[in-house]
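Novice: Using the sequences plus the hints, can you model the full thing?
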Amino acid sequence: MQGRDVVLLTGFEPFGGELINPSALIADRLHGAEFGGVRVVSTCLPVDIGRLPGEIDRLLDGPAPRAIINLGLAAGRTAVAIERVAVNALDFAIPDNSGQQVRDCPIAPSGPAAYLSRLPLRQSVERLKARRIPAYISDTAGLYLCNACMYLVLHGLAGRAWDVPAGFVHVPYIPEQTAQQDAPRACLPLDMLANATTVLIETALADGRTIPG
46 MQGRDVVLLT
56 GFEPFGGELI
66 NPSALIADRL
76 HGAEFGGVRV
86 VSTCLPVDIG
96 RLPGEIDRLL
106 DGPAPRAIIN
116 LGLAAGRTAV
126 AIERVAVNAL
136 DFAIPDNSGQ
146 QVRDCPIAPS
156 GPAAYLSRLP
166 LRQSVERLKA
176 RRIPAYISDT
186 AGLYLCNACM
196 YLVLHGLAGR
206 AWDVPAGFVH
216 VPYIPEQTAQ
226 QDAPRACLPL
236 DMLANATTVL
246 IETALADGRT
256 IPG
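Positions in the sequence shown are counted from 1; adding 45 to them yields our numbering.
Just so you know, the hints here were simulated from the structure itself, not pulled from any lab data. C-beta: ideal position from N, C-alpha, C; glycine also. Take the hints with a grain of salt, since some may be wrong.
Derived DEER-like restraints, expressed as beta-carbon distance ranges [what the hints assert, rightly or not]:
#1 151 / 82: 28 to 34 Å
#2 145 / 221: 41 to 47 Å
#3 225 / 107: 40 to 46 Å
#4 95 / 226: 26 to 32 Å
#5 220 / 168: 38 to 44 Å
Specialist: See below:
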């Protein structure tokens with residue numbers, strides 16, 4: 046269920062042997078939160094290229110939301126990474142959760158080569174850093190399901206002619222994931238990542254794009 050007074054927020058289920066995915070935890074934590082009368086509606090997406098396009102179609106079924114923010118985990122990132130571009134390519138380094146390992150295939154055979162984020166990138170990074178949250182603009186969302194999600198959402202918006210702030214954000218591990226690793230990797234606390242997402246939502250809502258009726 047969605048509408049003009051809704052922000053759509055998504056995370057992904059765990060994958061690659063992980064037991065948790067912080068993107069899903071953030072989305073679940075913020076589900077139902079309100080920002081000036083605009084309510085967050087969260088969804089956990091499958092790490093399954095066979096199911097993801099249908100889930101994105103269902104996500105966009107209905108009137109235009111006020112904004113869409115998609116979250117995903119990127120192991121090894123040291124900060125909140127706001128993605129600049131999604132490319133029309135699938136090339137999995139590891140299988141998805143259905144066991145598929147797609148190589149060198151387009152996401153949408155007749156679609157454009159790439160889409161640029163519709164989020165206010167610079168403003169978002171500046172506001173995050175002002176809150177002492179490490180953040181940067183990333184120029185690659187990879188070639189796995191996160192990139193596919195970003196591409197499919199922006200492709201769907203283009204097809205609907207919706208001028209809605211939308212884009213993808215990668216988050217690092219949280220400490221609970223790295224504590225048992227032999228060589229712990231970069232991580233940030235879940236509370237900080239949830240606060241970062243709140244900032245991203247507030248910035249997207251202030252972006253000033255026109256929302257179709």
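Novice: Take a look at whether the Cβ-Cβ distance between residue 145 and residue 221 falls inside 41 to 47 Å.
Specialist: Taking Cβ atoms as reference, residue 145 and residue 221 lie about 28 Å apart, which means the hint is violated.
Novice: Could one say that the CB atoms of residue 151 and residue 82 fall in the range 28 to 34 Å?
Specialist: violated (40 Å)
Novice: Evaluate the given range 26 to 32 Å for the C-beta pair formed by residue 95 and residue 226.
Specialist: Taking Cβ atoms as reference, residue 95 and residue 226 lie about 31 Å apart, which means the hint holds.
Novice: Check the following: the C-beta atoms of residue 225 and residue 107 are separated by a distance inside 40 to 46 Å.
Specialist: holds (42 Å)
Novice: Against the range 38 to 44 Å, how does the distance between the Cβ atoms of residue 220 and residue 168 compare: consistent or not?
Specialist: violated (29 Å)
Consistency with the previously given hints fails for numbers 1, 2 and 5, ordered from lowest to highest.
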